[in-house]
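> Here's the letter readout for the chains.
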Amino acid sequence: MQLVAEDKKCTGCRVCLMACSLENSGEERPWDALIKVVAHFPQPGTYEVLTCDQCGECARCCPEGAIYQDGGAYRVDKVRCTRCMVCVDACVKGVMRVSDGGYPVKCNACGVCQEFCPARALALA
Amino acid sequence: MDMLYGYAGRILRIDLSRGTIVNQELDRGLAEKYLGGRGFVASILFNELLSGCDPLGEDNMVVIATGPLTGHFLPGSGKTHFGCKSPVNHGYADSNMGGHFGPALKSAGFDTVVLTGICPRPSVIVIDNHDVSLVPADEYWGKGTLTAEKMLKADLGEDFEIITIGPAGENLVKFACISHDFGRQGGRAGVGTVLGSKKVKAIAVRGSRPVPVYDPRGAYEKGKQMYRAIFAKPGFVSWTPYGTAGITDWVNEVGAFPTRNFQTSYAEHHAAINGQAVRDRLLITDKGCFCCPIPCGKYGHTRTHLGDAYVEGPEYETIALFGGNCELKTIEDVAYANHLCDELGLDTISAGGVIGFVLECLEKGIVSSQQVGERALRFGDLESVSYLLHEIAYRRGIGDVLAEGVRFAAGRFGQGSDRFAIQVKGLEWSGYECRNAPGMMLAYMTCDVGAHHNRAWALGHDVSEDGGSVHDLLSRQQESLGVSGIEGKAAKVIALQHARPLFDALGICRLQWVEIGFEVQHYEDIFRRITGHRCTWEELLRISERIWNLTRCFNVREIDGFGRSWDYPPARFSEEPIPSGPNKGRLISKAVLDRLLDEYYQLRGWDSNGIPRPQTLKDLGLEEVLLGEP
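If you read the protein sequences in the order shown, they are chains V and W.
Under the working numbering, the residue at position 112 of the first sequence is numbered 100, and the numbers go up by one with no gaps.
Each position in the second sequence, counted from 1, maps to that position plus 4 in the working numbering.
A portion of the hints provided could be inaccurate.
Stated by the list, open to error - Here are some chain V residues the structure puts well away from chain W; computed CB gaps all over 12 Å:
1) V(-8)
2) M6
3) S9
4) P18
5) G33
6) Q42
7) C43
8) G44
9) A47
10) R48
11) E52
12) D65
13) V76
14) A78
15) C79
16) G89
Claimed, not checked - When the alpha-carbon atoms are kept at most 25 Å apart in a straight line, the in silico DSS-like pairs for lysine-lysine are as follows:
17) W:K588 - W:K368
18) V:K24 - V:K(-4)
19) W:K154 - V:K81
20) V:K24 - W:K154
Treat the hints as calculated values from the structure; they're not laboratory data.
Glycine included, every Cβ here is placed at the ideal spot set by N, Cα and C.
Just chain V, with the same shape it has in the complex (with noise of 0.2 Å):
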């Protein structure tokens, strides 16, 4: 499963970044979420919307062998994970983060921000 976005139906209005951030932290922090938009105003007008397509490259690149893949979506072995940060350097989309305790976070295709985005520019294929 990745998280699939279609840039000319984002509306710029951020629900996609706090629907994530609840779901995956429990507060209301848009500034950490999983998923980044960015405008590109006046000119040309249009939203750019970043997303974890489970590309892969975090897992390949981590010393520890601490991300796996499990039902569709990479997750992270906070067990095996030495915080070395070297997996969100390498995010390729920049959409990982690393958490208040100090572990990377990235999407596990959980889908909540798809199904509040009012313009439905986010799908799960």
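Dock chain W against the given chain V, drawing on the hints supplied.
Here is chain W on its own, set in the frame of chain V:
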């Protein structure tokens, strides 16, 4: 002290003259009595402003306030409220906008910002979480709002949310706006003028602190339920593609479209400037405010003989005031005028009102062509509009008079031009012609800031006994405007004047309710889960009524001779029958206006001069007002 849930919990106070910055705890009593947003603005202005102060002097305040629901996970939680003593009439002024600034301000840790004094030199206020600084604005001063916002994002970081003023605000044009997010504005009542008088070019804010929520899990689940309920509304599909521009045809069909400086109420060319035209001819993307499921923002590109422009909008009000009132014939021309207003920092409603007024003065020979540089200015001409917008923003030539607004300009031009200076309390009339809409007329007459529609859009009740959401109205077989007469209109207007501004106090957008009929009961539940306070909608409305009376009292205190005489529309509406269109021949006589006002004052508990009675204020808990009584 118990945590104040829903709020960031701090007020930022900046004395711009001295450069002192105070980070103060939010008073629980203020939150409980006035909620936030418009309530905070009204209370702080009433209780802290030096009575009688010069609106453009050091003692005026700019209050920027969010509400308890701003920035949370619920539909339309992106609102920010601005207020000050009005530079136009010295009374109460406020305006609100959507976008992302308010949520960012709360994430930075502040519910409200209070500005006093005047910067020694043009400045930008930078709020980076709790780090607050004033930095020189030399390179931004003089720039348009869109240009300045782009520069500031490049200099500070894309993750800053920014409000700016344009040249109009710098030059103290009385209808200068505050701009944000390349197309959202706090447009009305001169809030940008007062920010300009304080030499604040911009405020940039970035925040990364979650705001405490009383019941996080419950609020999240309720928020999800609210989104699902909106997605299921028929209006979600039918209204959203066009936004507010979608009512343009309907307003013409019911004969309420301001045309040629409100000479008539129907524009033959309305199909060329409607919501479909915006979508077909301009649109690049729908553009939503924070957490909004029904984006009314329509961002587009236009190409005219004067140039290309990228612009958010035009939304309905801009279409009405430039497409109708100035008779621009194409959506491209309206969009270009919209773009000029945005960049110059002018409120499109007042600007379209002022330009329509001077064009009629020219037609009638009240203003001569020598006064406009021997130019042949006329309705329907984009070059005329562009010329006048620039003259106004830079206060050149006749623009220096027009920059003061239509009421002042009519005083200068004389010759009976006050009859068609379309305003109340000095504020130019927004986009609904009311000579056959007594409810809407009364709403304009009694709005606290002047002739603005947003406090009570009563037009639906003038068209239909049932009223209802905009989606409902547009879906129905049309009845004729004024079908329901004047009976019960005062009560309808009062009910709307409590309901609509309540959203402004909660810090959220009303359009989910107004446009697609989203049920207000949802807000009782989410309010409880976010703040921990159990309040019924009726109880919240009572707070809104308190705020309404407080702003009236502010006007009584600050405006010399304030009272009933300030609540009348221009003579055109009671003496000149509409000359064409669906409502040809209609007007509302002075006697009917008086009847409407009498009933309105009586229901409000105000005396026959429109002054709130002491018992009314006491019943509303407005002790601070009574304490000021001799």
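> Run the C-beta distances from V:S9 to all of chain W and say if the shortest one exceeds 12 Å.
Given that some Cβ of chain W is not farther than 12 Å from that of V:S9, nearest at about 8 Å, it is violated.
> Is it the case that V:E52 keeps its Cβ farther than 12 Å from each residue Cβ in chain W?
holds (29 Å)
> Is the nearest CB of chain W more than 12 Å from the CB of V:A78?
Per Cβ check, V:A78 is outside 12 Å of chain W; nearest 22 Å; holds.
> If you draw a straight line from the CA of V:K24 to the CA of V:K(-4), is it 25 Å or shorter?
holds (15 Å)
> Minimum Cβ separation between V:A47 and chain W greater than 12 Å?
holds (28 Å)
> Minimum Cβ separation between V:C43 and chain W greater than 12 Å?
The claim holds: V:C43 sits with its nearest Cβ about 24 Å from chain W, beyond 12 Å.
> Compute the least Cβ-Cβ separation between V:C79 and chain W, then decide whether it is above 12 Å.
Given a closest Cβ separation of 18 Å, the condition holds.
> For the pair we were handed, W:K154 and V:K81, check the Cα-Cα distance against 25 Å.
holds (24 Å)
> Grab the minimum beta-carbon distance between V:G44 and chain W and tell me whether it stays above 12 Å.
holds (28 Å)
> Is it the case that V:G89 keeps its Cβ farther than 12 Å from each residue Cβ in chain W?
holds (16 Å)
> Beyond 12 Å on every Cβ pair: is that true for V:P18 relative to chain W?
violated (8 Å)
> Examine each Cβ of chain W, and state whether all of them lie more than 12 Å from the Cβ of V:Q42.
holds (24 Å)
In this structure, the earlier hints numbered 2, 3, 4 and 5 are contradicted, and the remaining ones agree with it.
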